[in-house]
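Novice: Listed below, chain by chain, are the residues.
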Amino acid sequence: MRLDRRAAMATLLADRGHDLLVVPGLGSTTWDLAALGDNDRDFYMWGAMGGAAMIGLGLALAQPKRRVAVITGDGEMLMGLGSLATIGIQRPPNLAVIVFDNGVYGETGMQPSHTQSGADLVGVAKACGIATSLNIEDEAGLVDLAGRLKGLREILFARVAIEASEPPRVLPVRDGAALKQRFRAAVGVKA
Amino acid sequence: MNAPAIADWPDRLFETLKRADIAQVGYVPDAGHSRLIECCRADPQIHDVVLTTEEEGVALAAGAWLGGARAALLMQSSGVGNCINMLSLMRTCRFPILMFITMRGEWEEFNPWQVPMGSIVEPVLKLCETQVYRVREASEVEGLAARAASQAFGDERIVAVLLSQQLIGKKVWTK
Numbered sequence: 000m001r002l003d004r005r006a007a008m009a010t011l012l013a014d015r016g017h018d019l020l021v022v023p024g025l026g027s028t029t030w031d032l033a034a035l036g037d038n039d040r041d042f043y044m045w046g047a048m049g050g051a052a053m054i055g056l057g058l059a060l061a062q063p064k065r066r067v068a069v070i071t072g073d074g075e076m077l078m079g080l081g082s083l084a085t086i087g088i089q090r091p092p093n094l095a096v097i098v099f100d101n102g103v104y105g106e107t108g109m110q111p112s113h114t115q116s117g118a119d120l121v122g123v124a125k126a127c128g129i130a131t132s133l134n135i136e137d138e139a140g141l142v143d144l145a146g147r148l149k150g151l152r153e154i155l156f157a158r159v160a161i162e163a164s165e166p167p168r169v170l171p172v173r174d175g176a177a178l179k180q181r182f183r184a185a186v187g188v189k190a
Numbered sequence: 000m001n002a003p004a005i006a007d008w009p010d011r012l013f014e015t016l017k018r019a020d021i022a023q024v025g026y027v028p029d030a031g032h033s034r035l036i037e038c039c040r041a042d043p044q045i046h047d048v049v050l051t052t053e054e055e056g057v058a059l060a061a062g063a064w065l066g067g068a069r070a071a072l073l074m075q076s077s078g079v080g081n082c083i084n085m086l087s088l089m090r091t092c093r094f095p096i097l098m099f100i101t102m103r104g105e106w107e108e109f110n111p112w113q114v115p116m117g118s119i120v121e122p123v124l125k126l127c128e129t130q131v132y133r134v135r136e137a138s139e140v141e142g143l144a145a146r147a148a149s150q151a152f153g154d155e156r157i158v159a160v161l162l163s164q165q166l167i168g169k170k171v172w173t174k
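Same order as they appear, the protein sequences are chains D and P. Under numbering that gives the first Met the number 0, the first residue of the first sequence carries the number 0, and numbering increases by one thereafter. Under numbering that gives the first Met the number 0, the first residue of the second sequence carries the number 0, and numbering increases by one thereafter.
In short, the hints are calculated from the structure, not lab data. Note that the coordinates shown come from a computational prediction; the quantities given were computed from them, not determined experimentally. Think of the CB as a built atom: it goes at the ideal place given N, C-alpha and C, for glycine as much as any other residue. Be careful, since some hints might not be right.
Stated by the list, open to error - Restraint-style ranges between C-beta atoms, simulated for each label pair:
hint: 1; chain 1: P; residue 1: Asp10; chain 2: D; residue 2: Pro167; range: 53 to 61 Å
hint: 2; chain 1: P; residue 1: Pro122; chain 2: D; residue 2: Pro166; range: 42 to 50 Å
hint: 3; chain 1: P; residue 1: Pro111; chain 2: D; residue 2: Gly150; range: 50 to 58 Å
hint: 4; chain 1: D; residue 1: Arg173; chain 2: P; residue 2: Pro122; range: 24 to 32 Å
Sequences are here, hints too, so could you generate the full structure?
Specialist: Here it is as structure tokens:
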């Protein structure tokens with residue numbers, strides 16, 4: 000079974016709390032996040048493919064009292080697969096890396112990704128030392144994941160099986176410097 | 000003899016990083032940076048982050064700055080090539096990053112495979128809007144590193160300090 004991506008994002012971030020910072024990946028996960036409404040605590044990504052998980056790591060280490068959720072796609076994660084090995088060493092307790100896996104590169108015309116042919120992201124994350132690596136394939140699993148995200152106390156990886164759909168794009172602010180400045184202001188960093 | 004004082008430039012570079020409030024240090028293991036990496040690993044105030052590829056360290060530095068922390072990235076000249084696309088993130092968003100790059104392929108280099116990337120490090124970084132400093136002598140390390148740090152984080156810029164191969168010394172191939 001595969002879940003609807005917009006509904007999955009809404010379930011994960013329902014009642015998200017003030018301390019949750021979200022780093023989506025380039026492409027659909029950024030549009031999914033923007034569809035929930037513009038938020039200063041989201042760092043929307045229009046580029047830097049393969050970098051979302053590492054941005055999340057740097058942020059989680061810098062802000063140990065806040066929770067950080069990287070929510071990216073399978074193609075974006077595959078480009079930075081080594082970062083799972085890097086994160087598996089650091090294991091900050093306030094970081095969750097969640098991959099919306101639809102098995103295709105949606106932004107470029109739905110070409111099949113490696114996960115469709117057997118690349119197992121949950122297996123990779125586990126093998127890299129992230130003990131809690133979950134495979135979410137239904138609504139109950141998603142609700143469980145949302146609960147774990149809310150009470151995040153240890154490094155977490157989750158692959159969420161989503162449908163290869165293309166909901167209407169919701170485009171957030173494109174000015175990277177502005178996104179950075181308002182994010183830093185929102186977490187209380189002095190300019 | 001002042002040889003020991005000169006050879007301790009990595010220790011003085013480490014002290015400079017501490018004074019600059021560097022809280023995260025990303026690195027790909029490198030012989031030229033081995034002493035500095037040791038110092039970072041031994042310091043409980045610094046998150047030492049061993050990377051699988053240098054571009055991970057660029058994204059790490061962006062995340063650190065989003066959260067109000069300063070990050071440095073240590074690599075060898077060959078690693079610069081791996082960073083190019085990810086440096087777009089820093090340029091677009093004006094994220095600061097302070098890079099220390101040990102040079103290969105430019106002096107007494109035994110391995111010709113190091114030359115193609117080593118020889119283009121400076122122009123490639125400059126194309127990426129990087130402020131580039133070159134250190135040739137141990138006595139210059141501390142001053143240039145401090146200046147590089149204040150420029151990177153004060154102006155939110157990409158700044159690289161190239162550590163010449165003469166400074167690092169020749170790689171010994173046979174023992």
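Novice: Run every hint past the structure and note whether it holds.
Specialist: The hints, checked one at a time:
One distance hint, 53 to 61 Å for the beta-carbon pair P:Asp10 and D:Pro167, holds here, with the actual separation near 57 Å. About 44 Å separates the C-beta atoms of P:Pro122 and D:Pro166, a value consistent with the hinted range of 42 to 50 Å. The hinted range of 50 to 58 Å is satisfied by P:Pro111 and D:Gly150, whose Cβ atoms lie roughly 56 Å apart. One distance hint, 24 to 32 Å for the beta-carbon pair D:Arg173 and P:Pro122, holds here, with the actual separation near 29 Å.
Comparing the model with each numbered hint stated earlier shows that all of them hold.
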